[in-house]
Structure formats: structure tokens, C-alpha cells
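With these hints in hand, go ahead and build the complete structure from the sequences.
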Amino acid sequence: IKSAGCCKRFLHYAFDYETPKTLVIPSLGVGFVFRFTQFLVVMYVVGYVCVVQKAYQDTDTVISTVTTKVKGFAFTNTSDTEPRFWDVADYIIPPQGDHSFFVLTNMVVTPKQVQSRCPELPSPSTICVDDCNCVEGHSDPRGNGIQTGLCENYSTTARTCEVLSWCPLEIDTKHALLAAAENFTVLIKNSITYPKFNFHRRNILPHVNSSYLKRCEFSRLTDPHCPIFRLKDIVSEAGEDFQDMAVKGGILGILIDWSCDLDWWAGECLPKYSFRRLDNKHPVNNVAPGYNFRFAKYYKTADGEETRTLIKAYGIRFDVIVFGTAGRFSIVPTIVNLGAALSFLSLVPVVADWFLVTCSRKRDLYSRHKTTHLTEDADSASVRDFSPSLSLMNLISTD
Amino acid sequence: IKSAGCCKRFLHYAFDYETPKTLVIPSLGVGFVFRFTQFLVVMYVVGYVCVVQKAYQDTDTVISTVTTKVKGFAFTNTSDTEPRFWDVADYIIPPQGDHSFFVLTNMVVTPKQVQSRCPELPSPSTICVDDCNCVEGHSDPRGNGIQTGLCENYSTTARTCEVLSWCPLEIDTKHALLAAAENFTVLIKNSITYPKFNFHRRNILPHVNSSYLKRCEFSRLTDPHCPIFRLKDIVSEAGEDFQDMAVKGGILGILIDWSCDLDWWAGECLPKYSFRRLDNKHPVNNVAPGYNFRFAKYYKTADGEETRTLIKAYGIRFDVIVFGTAGRFSIVPTIVNLGAALSFLSLVPVVADWFLVTCSRKRDLYSRHKTTHLTEDADSASVRDFSPSLSLMNLISTD
Amino acid sequence: IKSAGCCKRFLHYAFDYETPKTLVIPSLGVGFVFRFTQFLVVMYVVGYVCVVQKAYQDTDTVISTVTTKVKGFAFTNTSDTEPRFWDVADYIIPPQGDHSFFVLTNMVVTPKQVQSRCPELPSPSTICVDDCNCVEGHSDPRGNGIQTGLCENYSTTARTCEVLSWCPLEIDTKHALLAAAENFTVLIKNSITYPKFNFHRRNILPHVNSSYLKRCEFSRLTDPHCPIFRLKDIVSEAGEDFQDMAVKGGILGILIDWSCDLDWWAGECLPKYSFRRLDNKHPVNNVAPGYNFRFAKYYKTADGEETRTLIKAYGIRFDVIVFGTAGRFSIVPTIVNLGAALSFLSLVPVVADWFLVTCSRKRDLYSRHKTTHLTEDADSASVRDFSPSLSLMNLISTD
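Chains as they are written, first to last, in this note's numbering: chain C, 1479 to 1877; chain H, 1479 to 1877; chain E, 1479 to 1877.
Keep in mind that the hints were calculated from the coordinates and are not lab data. Treat the hints with care, since some could be wrong.
Heads up, the list lumps identical chains together, so a pair's fine if it works in one copy or across two of them.
Computed list of lysine-lysine pairs in DSS-like fashion (alpha-carbon distance at most 25 Å, straight line) [to be verified]:
#1 LYS1692 <-> LYS1532
#2 LYS1726 <-> LYS1652
#3 LYS1532 <-> LYS1750
#4 LYS1652 <-> LYS1547
#5 LYS1692 <-> LYS1790
#6 LYS1775 <-> LYS1790
#7 LYS1790 <-> LYS1547
#8 LYS1486 <-> LYS1750
#9 LYS1486 <-> LYS1840
#10 LYS1710 <-> LYS1549
#11 LYS1726 <-> LYS1692
#12 LYS1590 <-> LYS1549
#13 LYS1547 <-> LYS1692
#14 LYS1547 <-> LYS1750
#15 LYS1775 <-> LYS1590
#16 LYS1590 <-> LYS1840
#17 LYS1750 <-> LYS1692
#18 LYS1674 <-> LYS1750
#19 LYS1750 <-> LYS1652
#20 LYS1790 <-> LYS1549
Since this is a predicted model, take the numbers as computed values, not measurements.
What follows is the structure in C-alpha cells.
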């Protein structure tokens, strides 16, 4: 009998259902406030969280591979340099066609340099009168070599300290400009993956055929999905002038945005191209504006001496930057955001109750029925008089 | 006295505790519905959010550095080319051993090119009868140089327009294949960091010793953590044939997945290797299939003229792609997800109440005790008759 | 009349407001527990979620471009090699100045290699007595070429198998160290974008002028925002010694942290530099410690034979790694986190109710007024006696 009673008590404990007592108030005003607040919360959840922010989606960032291939040739024939024909192997450095490629557009060529001694270029710190002005072994980071301690004639008018260096030194005045580079074209092949969603895509779209690819050229209006770009167009889409940029060099970003909504009801996932200059072209607050670097081709003369042709290469580095976030419906963010929204629904009664007891016409009546006040000195269940049922009980008990 | 009253009212306002009046219903049915719904929500939270999605974790993405070093040599001896021995310095371009390295597997070599004039390769647009067919200064992007306006004998049977270019022109037929490249091995050294968790790891595991590293070779079954890979194995794991791929070239991704659960109760954090061809090998919808680029080695002849050897290099670019997301217990996502789950717990009484007043056998009794209806024209606290306490009050007050 | 009644019922259904009946308990103890629990939750939300974790922000990861330019020159004059002057075009490989640049600090030069035959370097597997020990066509991956099957004199004391290779073979003992490399400086230009917030910034800060940039040098204390770094300082900030590292080479990470709070009330968004060695320098568990690679310069002799100078280049690869997450106030994460917090506020009454019915002094009184128990066999609204209102009703109804 005892265990049966115990079991019964457990059942009561576990399965008795405790539910709040409620009061139904037939007030249009309060009801309207309640429903309107509810409506606002639901609108917010549906409209903003779900439609605008797509908070029901799980997201992943893109992994991508890029191959680039430049085509075109140029011919330079200026007074400073020999006439020369340039093809891809000459002006693309490095040649691999990675996600970042450099197109040589301007250069200072210093041929036939050998390891020897020659007078420095004239500058306030290198001009000398006699050997006493030059310190053997001194190397000025802004100079071109290690001083030998001698003072030599640089020209008929100037004497400068002699340095140990690759001589003759580079004189940064004779430029050879590849103006024709603006008509080079580049084919960009880009494959992307969203590993979380096992989603693969290429920027050469499936419905595109080979003959189209052979003749097309990117144009935002007419051919927005052609992967072949004319360099001039890229630069002008970035708001720059190719010939201006060619002189000092620069860095140009080809941004491919693969942000996609992968849910089946959303449209197709297509790349969006945009172009932006990435370096700072303004001369203010700028050291070494533009983009250039020096490299050398090494030769050996017939008697085994090493010579080099130093090239200060100005040009445009094109960085293909692939970015994007894909979203697809997933249960966890949906639950999290729905949970947050439901929390706000639980705020609605707070608003409505506040309206009920402060603003509604019959607020006294409503709060009298809704709220029971226990008096402070209550011991034998005495309550304040505006609590109807309990006061009533008092009434009867004192009967 | 007044301030004391004011203070008292404040205390009442701040510390009076308002709690809902509740009704306990000893119904097994309703109780079961209530507990079962609760159980479902708790199961969802524990099972799906915590165990499957690990929503209690904060996450970080990987930062990584890769060094690669290829070993092996090859010997080519075809009828088209001179016998030649190839080592790492010859076939790895660029030589640095970055996260992306290219192994030369096939090439078209055009030696002794000089800047001069020569007749174009025959094609419908270059074949000519006399000089009138050739336009001086015209440069066809699909051609090889700038037309001089002359029409020259290309062979005994064909006449083509002469171009200014690097001559002789490249003829894309004489290939030299490095078949032995499939036996080259590559050592991949990869260090990763999860900066948010201050977690560092290498793909050479701590328990591995140097003698093992000197002789091991990656094999998914027997040596899954050896960082030395045979190129042939990489390609065949990606579902391709090395010799096929060597001819036209391609891009092969070596994917290292460092996705880890960094909580102490989870296992060790180990890299997982996978291999995937990244370019599109199918000839449909494909321009320039495979992977190749042109580069040149520049020489000077004894009399100072520049010549070059043009190499059209086909080969496999191996891209080491490191990715991964690590998770570790963190209080904020835990709170957010618990919060969302608790919101769902607050839905449980809604379900149980609905069951109570619509489906349970004694629904009339329950709703009579649970809900009090104020009548619409209530002014002097008149209520509908099935609200016991209030109607009772009326009864007495009308007494 | 019927439709009017129907409409009225719909209005009642839609706009009748159902609110819980509540009991106000004037107990300081319970009130204090309630307010204190509320306070704890609010503190947690404000203090931890909002201030520490900034959970009210939407986040985005950085997209960046890096250009580097090294300056400086060196002179080597050891007994092993000819005196030689080194400038940027000689020691920066590749020359482009990408986000990853390599500074040559030590090298083994093997000049005048030609394709020919020579005896292997002596090792247990290459030493031979006569031709029978050598297998024609055999190529040992750890050797230097393909065996011809002959056994030749390597020196007066040792005979080794002859191989077909680039001869003479590299002998890894004559090093040429560029000790002066520690004084080279590098200018790092870094532009970043947070695309989601349309936020662009450079590591050359707007208030910095050109004259400062021409003379400044990074120093954590005095010039923390100068983008020009002395290589020696980078290495020593990473806890390494430049001269030690120069011998075997290594990889050094220049980490630029652009983690920013983009809210207007937060401070400026500035890059934070840190430096860390990325490869493993310890000889334990290490194959090929340090960082080196082989490359060759190709020459042609007067009679057209190809020769090369093989260079085993040791040096430091500097990887500029840009990372960071920016946060800016956004409504969705704010709502989600507030929602989660509000869920916890709904836990507060549970705690207070539990305290009310178990710990408070007058718990019997409180629970008698708060909770009404329906008896199990209730059919005609019979309830247990401690539910005052209902028992009262019974009293009267049985009257």
C-alpha cells in the first residue's frame, strides 16, 4: 500500500499539469494592441531576418583556382632603344599564368652591366672634390654600390665618388613604353568549390559553346559572362586610363564575386566581375607610387665574364581576387533565429498587459480581476479588499 | 511620515513579486502530452544542435604556410630533340617551392629565335599570292607577328605573308615528353595556425621520427600521415592517368583539410589529404584545355645579338589548398543556442494548453477552472456564469 | 442576424485578450531573489555578450593586396668564391615583390655545368670496384643522375659509378654568405577591404607624410606604424637570430592583423604587426630543415653548347599574411543575442517560483493562494479544500 501511494505521488509529481489561470478580457482596444504587436514581431521575423538577411541559411566561403592566359604582341621603336618585337614570353613575368600576373608596360633597360667600378650618379651626397670626400667601404642605402674611396670624373662638369657595383649604373630616363599592351586580352579560367555544400562551378558557364568562347570579349552589357577580357577595358572599368597607368605601373584587382544563394528556389549561381585599382595612385602620402621592380637577364661573354641586362620593369599587376559566401537553408541557424523571434513574441503580452493596466478605459476593473494582492501581515489568509474572491472568503469566514 | 510611506510604496513597487496563479490538473493524458513535447525539444537540443552541429562551439578558419620540395630526374631521348638530362632546377618553374608548383611534363622547344622577319605559318588568313594580300603593319591577334607587307615562300608549295617576329616561328608538333616525371616525389611541409585559439600544428606529426620520414611515402592505407607524395599516386587518387595528363597539362589540387574539434574530449587534430583535378578536362565548352604557358631563356651570341629559346611548357600545376574550420567550446554560441532552445520550451505549454482545451475528455471542466471570462458590458464586475468565483461574488453582491 | 453573430464570435475570437491571473506577494525575500536573478541575467547580457564578445556585431573577413620592395646591397668576398657585388635584382627571387618574397642569404654555386658524364659523389651505394658494380640505366633517387654502367676514378682514392648528368656535380661545401642582408629594408604596402562594409584602408596611414616615410623605420615602441622594416628587426622580433637563420634558411611570417571594430564609437582601425617563424627549426622530427631550393642560370657558349650555373639558394622567405575580422553593429546578430538573453529572463520567474514554494517562510500560505489543485475524480467541479475560491463555491453550491 505504501509503495502504491509512493508511486501515485510520483505520477502526480511527474504528470500533473500546472497551467496558469487566465482571464479573458473582451476589450477591442487591448486586443488590438496585442494583435498589432504580434503582427509587428512576425513581420520583422519574416521580412527582415528571413527575406533580407537570409538568417535561415548556413554559409560557407569559397575555395577557388585561377588560371590566366594573356594574348597579344607589341612593337617598340623609340629613339632611345632598338626596335623590338614583344610577345607573351617577353612581357609576362612570371610566365605561369597564376591568379596574379604582371604585364610589362614600360621599362628602363640597362644593358651590358658588369661587376666593376664606376663613378656614382651625381647627388648631394655623392659629389666630391677629391678622394678625401669618399670613404672606402661606405655604402649608402640610397646609393648604388660600395664606395672605393676614389673620386672620379662622372662627366666633364661633375666629379663623384667611385663605387663598386654593376656598371654602368642605371639612368632612369630612357623609357620604352609598350603602348600596344592595352589591346592584349586575357582569358581567366576560374573553378570554385563550396566544400560544405559539395558545390563546384566554373566561370565558363555550361551553356556556353566553344565557338562563342573563341570570338567573345567581356562587356558588362552585351557579354557579361565571357571570360576573355581586353586589358584596356579592365582598366577603364576601374575608372583609370590605361596609358596613364602604363607609365608608372599599378595594381589592378579583378574581383570575381561568387556570392550565391544555393537554395533551389533561388536563381542560378553566376560570377559577378568587378574591377578596382588596388594601389594608391595619389602622390600625397605615397612612397614609390605605382608598381615596378627590377630584374636581370644574365649572360656570359665569350671569355666567361658574367654580364647582365638590368630591367626596371613598370607595369600593371592584375590580381584575380575570388571571394564569396554561399548560403543554403540549414536547420540550425533557422532554429536559432526562430528562437530569437519567439522570444520577442513572449514580449508581446508584456506590452499588452502594460497597456491593459495603464491605458485602457476600464483599467481598474481589469486589474481588479487580473491581480490579487496578498496583504503583508497575511497569516490567516487575509487579503486586501479589492481581491474579490479572497475578500469574499473572508466575508463568509467572518460570517 | 510621508517619506516613510513613499519609501514603503517604492519597496512594494520594487520587491512585490507578481506570480501567475496556476491550476494543477491531475490528468495523465495532458501531463503526458506536456512531458513528451518537452522531451522532444530537449532531444532536439541535445541531439542535433549539440552533438551533430556542435552549435556550442566558437569557430575559426585556418591560416597556413606551405613549402614544397620535388625530387627526381628524368632523361629524354626522342627523335625530335637532342638527348637531355633533366633535374629539379630544369623542370620546376618557378623554383621556390611555394604552395603552388609546376612540374614540366611536355614541351615544344624552339631554339635560336632572333628578332627578324620570316613568313607566317600557313593558315587561311595568312596565305597570300603576292604582296597585295599582305598589309604592312597589320597584326592579327591569332598570328605570330606584325606583317611587313611582303609575301614570301613558306615552303615550296605555300606562300604566306612575312611578319616581323621572333624567328623561326614555333611549330607546335615536336614534343618532348618527360614520362619519368610520374616517379618524382614531393615533400609537402605545412604549418597551420588557428589564431583565435592560439593553436599551431604541422603536417609532420610530433610522434614521427626522422628515419621514418626519410623512407616513407604517402599511402592512404598504410602511411596516411607521411608528407612525401609520389606524383603518380596524387594523380591517380584524383581519378586521372598521369601519362594522359602529362601530354596536355592540367591543374591538380592537393587539398589538406584541417577541420578539427579542439575540445579536449575530442580526438587529435590531424590533416586529411585529398586530391582533385581542378581544371576542366572535357573538350566540350573548353578553350585552351589543359595547362601550358610559354617562357624563354635568353642568350647573347658572341657578337652581342640576343637570341632566345622559346619553350611552350605543358605540365601539371599542383596547388596545395589548405582549408579547415576549428571549433572549440565557447560560452556565447552556447548561450545563443540554449536561448533558442529555451524559447522552444516556452512553446511546450502552448501545445499542452491547446490539447487541454480541445482534445482532453474533461475539457469543459478544465477550461471552466482555467479561464475566467469578463463579460463585455461589465462595469460593475459582472462576469459570465461559468466563472465560478466572480459569478459567486455577483451572487452574493446581489444578495 | 446570423452573420452578425458569426462576426461577433470572430471578433471575440480574434480580439479577446487572454491574460494570466496573477498574485502579488509582498515578500521582501522572494522579491529580492527575483530582482537579483533578473540583475544577473541583464549583467551577463550587457557585460559579457555585448561588451566582451561584441555579439551585437555583424562580421566580415579581410580581402587584401600586398606589394613589397626590398632595398639594400651586399658584397661577398670569401676564399671559396670570387668577390661579388649583390643588388636587389640578384638576391630577390622572384623579383615581383608579391606578398611572399625570398631574400637570398647563403648559396652553393656550381658554375659551368654541362650535360655530360662524370663519376658520382662517393657514398656507400655509389662506390664501386669495377664496372660490374654499376648498372647501366639505373637511377637512384638519392643520386645525381643515370648510371652509365662504368666505374670511374672519383679521386685518387675512390672509384664511383659514372652517371649521365649536369657535370661537374654540386659539392655542398663551398658556401657564400650574404651577411649584410640583415641590413636590407623592406617596404610593405598593404591595402585592405572589408567588402560587406565597403571599408578600404592602407597600412600607410592618412596622417603620415612623405618625408616621414622616406626616413622612418618600423619600431614597436617609437614607430609602430612605419611600413618600412629592417630584416634584422623582423627576425629578432620573431625571437630568432638573423645570422643563424641565414645559414640554413627559413620561413618568416609577417602577420598583419586588421581586426577592427568599425562602429563609430570605437577607435580607429589600425594594422597590428607581428612576426613569427613559420617553419620548424628544431632538428628533431625534421626533414630538410631550413629553406632552400635550386635554380639555374642558363648560358650558351660560343659554339652553341648549353651550360648552366646551378645555385642552391638558402634564404629567408618572408610571407606577409594579412588576416582580420571586422565587426560593425548589425540588427540581426543583435536581435539573435537579445532574443537568447530574453529567453533567460523567462527563466527568472521559474527560479523565483521555486524559491517561493520551497524556501520562503510563508510558503504554505503562498502556494495555497498561488496554486489550485483540481481533484482527480473531479466531475462536478470538486476541488481540494485548500483552494479557497473553489472550495467556497462548493460550500455555497451545497448550500
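Against the structure, the hints come out as follows:
1. Proximity of LYS1692 and LYS1532 under a CA criterion of 25 Å is satisfied in neither setting, with 39 Å inside one chain copy and 49 Å between copies.
2. For the identical chains of this complex, LYS1726 and LYS1652 are intra-copy neighbours only, at 14 Å inside a copy versus 41 Å across copies, given an alpha-carbon limit of 25 Å.
3. In the homo-oligomer, the alpha carbons of LYS1532 and LYS1750 lie at most 25 Å apart inside one protomer (20 Å), although the nearest pairing across protomers, at 32 Å, exceeds that limit.
4. Taking the closest pair of Cα atoms, LYS1652 and LYS1547 come within 25 Å of each other only across two copies (22 Å); inside a single copy the shortest separation is 30 Å, beyond that limit.
5. Within a single copy, LYS1692 and LYS1790 get their C-alpha atoms only as close as 35 Å, which misses the 25 Å cut-off; across copies the closest is 21 Å, which meets it.
6. Both within a single protomer and between protomers do LYS1775 and LYS1790 lie at most 25 Å apart by alpha-carbon distance, with minima of 11 Å and 18 Å respectively.
7. For the identical chains of this complex, LYS1790 and LYS1547 are neighbours both inside a copy (23 Å) and across copies (13 Å), given an alpha-carbon limit of 25 Å.
8. For a Cα distance limit of 25 Å, the shortest separation of LYS1486 from LYS1750 qualifies neither inside one copy, at 68 Å, nor across copies, at 56 Å.
9. In the homo-oligomer, the alpha carbons of LYS1486 and LYS1840 lie at most 25 Å apart only across protomers (21 Å), although the nearest pairing inside one protomer, at 46 Å, exceeds that limit.
10. Proximity of LYS1710 and LYS1549 under a CA criterion of 25 Å is satisfied intra-copy only: 13 Å inside one chain copy versus 32 Å between copies.
11. In this assembly of identical chains, LYS1726 and LYS1692 lie within 25 Å of each other by CA distance solely across copies; the values are 19 Å between and 33 Å within a copy.
12. Taking the closest pair of Cα atoms, LYS1590 and LYS1549 come within 25 Å of each other only across two copies (22 Å); inside a single copy the shortest separation is 30 Å, beyond that limit.
13. In this assembly of identical chains, the alpha carbons of LYS1547 and LYS1692 lie at most 25 Å apart only when taken from the same copy (13 Å versus 38 Å across copies).
14. When the C-alpha separation of LYS1547 and LYS1750 is checked against a cutoff of 25 Å, the pair qualifies only within one copy, where the shortest distance is 20 Å, while the shortest distance between copies is 32 Å.
15. For the homomeric pair LYS1775 and LYS1590, the shortest alpha-carbon distances inside one copy (10 Å) and between copies (17 Å) are both at most 25 Å.
16. In this assembly of identical chains, LYS1590 and LYS1840 lie within 25 Å of each other by CA distance neither inside one copy nor across copies; the values are 102 Å within and 104 Å between.
17. In this assembly of identical chains, the alpha carbons of LYS1750 and LYS1692 lie at most 25 Å apart only when taken from the same copy (21 Å versus 40 Å across copies).
18. For the identical chains of this complex, LYS1674 and LYS1750 are neighbours both inside a copy (21 Å) and across copies (15 Å), given an alpha-carbon limit of 25 Å.
19. For a Cα distance limit of 25 Å, the shortest separation of LYS1750 from LYS1652 qualifies neither inside one copy, at 41 Å, nor across copies, at 40 Å.
20. For the identical chains of this complex, LYS1790 and LYS1549 are neighbours both inside a copy (23 Å) and across copies (14 Å), given an alpha-carbon limit of 25 Å.
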